[in-house]
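Taking the numbering used here, the leading residue of the sequence shown gets 1, the next gets one more, and so forth.
It is possible that some hints are incorrect.
[Unchecked claim] Taking lysine to aspartate or glutamate and the EDC-like style, the derived pairs with C-alpha atoms no more than 20 Å apart in a straight line are:
#  : residue 1 : residue 2
1  : K180      : D36
2  : K294      : E265
3  : K44       : D323
4  : K226      : E183
5  : K78       : D92
6  : K226      : E176
7  : K249      : D296
8  : K180      : D296
9  : K20       : D140
10 : K78       : D65
No lab work stands behind these hints: they were computed from the structure.
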Amino acid sequence: MILVRTPLRVSFVGGGTDFKRYYTQRHGSVISAAIDKYVYVLVKRRFDGAVRVAYSCTEQVNNVDDLQHELVRESLRKTGIDKGVEIATFADVPSEGCGLGSSSAITIGLLNALYAYAGIRKDPEELAQQACHIEIDVLDKPIGKQDQYIAAYGGVQHIVFKQDDTVEVSPMQVSERSRKLLEERLILFYTGMTRKASEILTEQKHKMAEHFQVLDQMNDLVPRLKECMLNGLGPEFGRLLDRNWRLKKQLASKITNLDIDKYYERTLEAGAVGGKICGAGGGGFLLLYCAPGKRDAVKEAARPLREMPFRFESSGSTVLLDDDRQ
Numbered sequence: 001m002i003l004v005r006t007p008l009r010v011s012f013v014g015g016g017t018d019f020k021r022y023y024t025q026r027h028g029s030v031i032s033a034a035i036d037k038y039v040y041v042l043v044k045r046r047f048d049g050a051v052r053v054a055y056s057c058t059e060q061v062n063n064v065d066d067l068q069h070e071l072v073r074e075s076l077r078k079t080g081i082d083k084g085v086e087i088a089t090f091a092d093v094p095s096e097g098c099g100l101g102s103s104s105a106i107t108i109g110l111l112n113a114l115y116a117y118a119g120i121r122k123d124p125e126e127l128a129q130q131a132c133h134i135e136i137d138v139l140d141k142p143i144g145k146q147d148q149y150i151a152a153y154g155g156v157q158h159i160v161f162k163q164d165d166t167v168e169v170s171p172m173q174v175s176e177r178s179r180k181l182l183e184e185r186l187i188l189f190y191t192g193m194t195r196k197a198s199e200i201l202t203e204q205k206h207k208m209a210e211h212f213q214v215l216d217q218m219n220d221l222v223p224r225l226k227e228c229m230l231n232g233l234g235p236e237f238g239r240l241l242d243r244n245w246r247l248k249k250q251l252a253s254k255i256t257n258l259d260i261d262k263y264y265e266r267t268l269e270a271g272a273v274g275g276k277i278c279g280a281g282g283g284g285f286l287l288l289y290c291a292p293g294k295r296d297a298v299k300e301a302a303r304p305l306r307e308m309p310f311r312f313e314s315s316g317s318t319v320l321l322d323d324d325r326q
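Make a model of the complete structure from these sequences and hints.
Next up, the structure:
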């Protein structure tokens, strides 16, 4: 039996520049952080040769090709496992439309667990590359590459997407004091709104050529945020989040809505310096950076939205249990 835990993430600035259509024209970059909320993948041997998959529903097939869960199907194909296995997935947050990178975390977790089941260990780079291949090349999902890499590596990372299609992952050397300050000043609220990220991202992908200048400006925020994080934080961090959010809203029509805008402006008035909707937009989690001493006032202003406390996670996808006594 194999149990793998893979972290979700919050992305600060640069999201959207990890799309191939952008970074092959000029490099893209993001600053992203794994958090202590996870997806879990359990894999165990099944005696009758069938393949059984349990998630929000349950499938049992004799042929991998018949699986409806496309991430499980393609992960099984990639790892060469085609029979006699039982797979279950779990998550700490709603698995659809949360904006915390759950789909890519599931793909990374599946690959890590299935390789471990086969007695093979893959490093984070291999896991990320293969997850990108499955989601972007095989399944043609309208997504970028940052989620796969942060799920595989963990930590707080400066990730650069190069024109030759390679990816450079550099850990942010944030001091322990700055890390704690960041955890104290950042706050996540669940909006209660879910959406199909693919609809927003498809529109964003189709309009990318006309929004290159916006993406350039988002890309330019990355070194500024990096400098801010390495030099003790301060209100500039929140202002850069706010600038990134106001640029991001130009990329597709459903990234925000009246309710999101209402909560955002209300929390700014209460002491948030800046923030953004995580992921594609349209719902999911609202991330805010609070001025010192304003956390409680911001929480009050965001009511009835529910806070989800979090800390940063230094580890990427991890095998928690590897027990071959079956």
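Evaluation of the provided hints:
Distance hint between K180 and D36 is fulfilled; the C-alpha atoms sit about 14 Å from each other, no more than 20 Å. Proximity of K294 to E265 is assessed by CA-CA distance (about 15 Å); at most 20 Å being required, the pair is judged to hold. This hinted pair checks out: K44 and D323 have alpha carbons roughly 9 Å apart, not beyond 20 Å. Taken as a hint, the K226 and E183 pair is honoured in the structure, with Cα atoms around 16 Å apart against an allowance of 20 Å.
Our distance criterion of 20 Å between C-alpha atoms is broken by K78 and D92, whose separation comes to about 26 Å. The suggested pairing of K226 with E176 holds, with an alpha-carbon distance near 15 Å, which does not exceed 20 Å. Simply put, K249 and D296 have alpha-carbon atoms about 27 Å apart, too far for the 20 Å limit, and the pair is violated. The straight-line distance between the Cα atoms of K180 and D296 is roughly 17 Å, inside the 20 Å bound, and the hint therefore holds.
Among the hinted pairs, K20 with D140 is consistent with the structure: their alpha-carbon atoms are about 12 Å apart, no more than 20 Å. About 12 Å separates the Cα atoms of K78 and D65, which keeps this hinted pair within 20 Å; it holds.
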